[in-house]
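J.: As a plain string of letters, each chain reads:
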Amino acid sequence: MLGRDGIAGLICLGLSIALLVMTRGLPQSALVPIGPDFYPRIVLGIMAALSVMLIAADVLSRWRSRGAVTAPAAAAEERNYRLVTVTFAVFAVYVLLLPFLGFRVATFLFVVALQAVLEKPQGRRRWTVVITTALATVIVTYLAFEVYLSVLLPRGRWTGF
Amino acid sequence: MFELLAAGIVNVLHLKYLVPLSIGTLAGLIGGALPGVTITMTIIMVLPFTFGLDPLQGLAAMTGVYVGGSAGGAITAALIGIPGTPSAVTTTFDGFPMTQKGQPGRAVWLGIWSSFLGGLLGGVFLIGATGPLAAIALEFGPWEYFSLFVFALSMVAGLTEGSLIKGLLSGAIGLVITIIGSDPIMSVPRFTLGSDFLRNGFPFLPVLIGIFAFAQLMTDIEKMNQPEKSGGPVKAPPLTVSHLKVIWEILTKPFLLVWSTLVGILIGVLPAIGGSAATVMAYDQAKKFSRHPERFGKGNPEGIIASEASCNANVGGSLVTIMAFGIPGDAVTAVMLGAMTIHGIQSGPLFITQHPGVAYGIYAAYLLAHPIMVLICLLGTRFFMRVVTVNKSILIPIVMVLCVIGAYALNNIMDDVYVLLLFGLVGYALVKFRFPLAPLILGLILGDQIEINLVRAIMSDPDPWLFFTRPISGAMLALSVGSVILALWQHRRSQKRVARETEPDVDF
Numbered sequence: 001m002l003g004r005d006g007i008a009g010l011i012c013l014g015l016s017i018a019l020l021v022m023t024r025g026l027p028q029s030a031l032v033p034i035g036p037d038f039y040p041r042i043v044l045g046i047m048a049a050l051s052v053m054l055i056a057a058d059v060l061s062r063w064r065s066r067g068a069v070t071a072p073a074a075a076a077e078e079r080n081y082r083l084v085t086v087t088f089a090v091f092a093v094y095v096l097l098l099p100f101l102g103f104r105v106a107t108f109l110f111v112v113a114l115q116a117v118l119e120k121p122q123g124r125r126r127w128t129v130v131i132t133t134a135l136a137t138v139i140v141t142y143l144a145f146e147v148y149l150s151v152l153l154p155r156g157r158w159t160g161f
Numbered sequence: 001m002f003e004l005l006a007a008g009i010v011n012v013l014h015l016k017y018l019v020p021l022s023i024g025t026l027a028g029l030i031g032g033a034l035p036g037v038t039i040t041m042t043i044i045m046v047l048p049f050t051f052g053l054d055p056l057q058g059l060a061a062m063t064g065v066y067v068g069g070s071a072g073g074a075i076t077a078a079l080i081g082i083p084g085t086p087s088a089v090t091t092t093f094d095g096f097p098m099t100q101k102g103q104p105g106r107a108v109w110l111g112i113w114s115s116f117l118g119g120l121l122g123g124v125f126l127i128g129a130t131g132p133l134a135a136i137a138l139e140f141g142p143w144e145y146f147s148l149f150v151f152a153l154s155m156v157a158g159l160t161e162g163s164l165i166k167g168l169l170s171g172a173i174g175l176v177i178t179i180i181g182s183d184p185i186m187s188v189p190r191f192t193l194g195s196d197f198l199r200n201g202f203p204f205l206p207v208l209i210g211i212f213a214f215a216q217l218m219t220d221i222e223k224m225n226q227p228e229k230s231g232g233p234v235k236a237p238p239l240t241v242s243h244l245k246v247i248w249e250i251l252t253k254p255f256l257l258v259w260s261t262l263v264g265i266l267i268g269v270l271p272a273i274g275g276s277a278a279t280v281m282a283y284d285q286a287k288k289f290s291r292h293p294e295r296f297g298k299g300n301p302e303g304i305i306a307s308e309a310s311c312n313a314n315v316g317g318s319l320v321t322i323m324a325f326g327i328p329g330d331a332v333t334a335v336m337l338g339a340m341t342i343h344g345i346q347s348g349p350l351f352i353t354q355h356p357g358v359a360y361g362i363y364a365a366y367l368l369a370h371p372i373m374v375l376i377c378l379l380g381t382r383f384f385m386r387v388v389t390v391n392k393s394i395l396i397p398i399v400m401v402l403c404v405i406g407a408y409a410l411n412n413i414m415d416d417v418y419v420l421l422l423f424g425l426v427g428y429a430l431v432k433f434r435f436p437l438a439p440l441i442l443g444l445i446l447g448d449q450i451e452i453n454l455v456r457a458i459m460s461d462p463d464p465w466l467f468f469t470r471p472i473s474g475a476m477l478a479l480s481v482g483s484v485i486l487a488l489w490q491h492r493r494s495q496k497r498v499a500r501e502t503e504p505d506v507d508f
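Protein chains in written order, with my numbering: chain R, 1 to 161; chain P, 1 to 508.
If you're looking for bench data, these hints aren't it; they were derived computationally from the structure.
Just so it is clear, CB atoms sit at the ideal spot from N, CA and C, and this is done for glycine as well.
Hints may contain errors.
Said to hold, decoys possible - The calculated label-pair distances, taken between Cβ atoms and stated as ranges, are:
#	chain 1	residue 1	chain 2	residue 2	range
1	R	136	P	13	30 to 36 Å
2	R	146	P	354	28 to 34 Å
3	R	146	P	284	45 to 51 Å
4	P	289	R	3	38 to 44 Å
5	R	15	P	294	40 to 46 Å
6	R	135	P	141	55 to 61 Å
7	R	25	P	488	50 to 56 Å
8	P	382	R	135	55 to 61 Å
9	P	425	R	3	20 to 26 Å
10	P	131	R	32	32 to 38 Å
11	P	131	R	86	17 to 23 Å
12	R	96	P	16	37 to 43 Å
13	R	3	P	16	27 to 33 Å
14	R	25	P	10	57 to 63 Å
Can you make the complete structure from the sequences, with help from the hints?
T.: Below you can see the structure in the form of structure tokens.
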């Protein structure tokens, strides 16, 4: 059974081998003595070797500590991975909707949604803060970027602005 | 040189540059003071605002963020015992006990004035050393550049905390990201999977923003259901203090000030190590050299001076490396490097000769950011204490929106935003697998240059032994091997120490 490092090493090893295989199809040039595959192979070879070392180190440390009594995990901090997953999902939806809704509408909805996800609004006062923050973000970014700095932000295919 | 510097100062004193510099310094102070918001995060937030500015305006704003952020961490560290930035951790050791003893003004202002003095001494080094170092770098051929970049990468990987293999692997991942796209000699597409967008490779800034911003934001979100350690709302205590007395207190310890500054500069010059290592090392040195080491951790002013002077001197050191060699000293200068590229400025040994206006403008901005930082602190320290109470559920969505703008506004294409999302996931995964991010970023920055110089060297002369027989190149490669061996030895030693300390007591 592999630990955290072993799994990370395995992913990196898989990635480096897959890319190493892909270097075989790269065309060679008659003008340059070394081809476009020369440097990638060195880098990928190093990555593969380091991945193997990481896996080996993980296996070795687990083998050495076999039978050892592990300390209770009570001291470990409780982590809210559900919130992280939901945040990534909300952000992904925001990014995917940006070209359709446009920056202003999508950003307003995103800021409202993510605030609500991170801290459930209870009561009218909190909702006012959530909506005011979202509106202020849209207005300030519009004024700062589009009006003052002339940086164009995405227009929406569905909304037209 | 002095005429150019004077011209740079006069130039930056124009409102056109002074306003972005002051706003940047203010943003840096606030970002630095906010626990959980690092200087890197602040500069990422400021980055999109610089796209519409001219190069020096943008770089002045970023220099302000860097200087302000380095000093800002001390405010919350001293007043509430929570470091605003990781590099201010050592300031909490003595700053907070001093506040608890009823001297909050002395604690905060010892930190701010030490930052000011350390930063200015770092500025002297920045201005004095960048030109000569760049002149040395101009003599480098592709062999030396290749070896220098390899040395930088191996040293950063070796100096990271935790596993050495993971540090090196993290650097290798950074290099692998750069091989995606067209090769630099014949423009043959590599690993692009038929995508036109990927022919140019992954854009550097969206990757950097994604990795750093999400790694931190998501780690903050993980802890959002935990009770706050500060224990309720923060109320700023009165900060009245005699400034002359505080400055005199620092100046009467000239050895401590100069030594801590030197430590900060040297750590800053070494690539991608960052301010935390500088402050920890300076604090440790101050304790070792002190006549009363037992007073450290109990409100000793020497601890605050060492920590804060080294922290801001570190900024000067980092700027030297980026301006002389084009190698970022840390993540903040990595963003600055990216911003320079956007404006068509190539950082490196030719930077000062090709862009003297911008180079001396950066020196001037660095020097002027320090008095501006003190002035802002004089006017607004109490205001910062109110700002640090901003709810994270409000702050995080705004930061994410600024990240999206930063990625999108580079080329006005959504593909860059998708890259941001992809590398946000990658950055968070790397943090969860406990990979250090600094070597990855350095690999990402140096990857293309390593390949170009390697190919150039081999095309000039196919003899690979030249990498070892050319004196500077050979020395750099020897140092690379040395740094890895040293790191291995240090890791072994610390592992043995940990094993000894955690050895369980056994009852027979």
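J.: Now tell me if each hint is right for this structure.
T.: So, going through the hints one by one against the coordinates:
no.	hint	result
1	R:136 to P:13: 30 to 36 Å	holds, 33 Å
2	R:146 to P:354: 28 to 34 Å	holds, 33 Å
3	R:146 to P:284: 45 to 51 Å	holds, 49 Å
4	P:289 to R:3: 38 to 44 Å	holds, 42 Å
5	R:15 to P:294: 40 to 46 Å	violated, 52 Å
6	R:135 to P:141: 55 to 61 Å	holds, 58 Å
7	R:25 to P:488: 50 to 56 Å	violated, 38 Å
8	P:382 to R:135: 55 to 61 Å	violated, 28 Å
9	P:425 to R:3: 20 to 26 Å	holds, 22 Å
10	P:131 to R:32: 32 to 38 Å	holds, 36 Å
11	P:131 to R:86: 17 to 23 Å	violated, 52 Å
12	R:96 to P:16: 37 to 43 Å	holds, 39 Å
13	R:3 to P:16: 27 to 33 Å	violated, 56 Å
14	R:25 to P:10: 57 to 63 Å	holds, 58 Å
The structure fails hints 5, 7, 8, 11, 13 (numbered hints given earlier, in ascending order).
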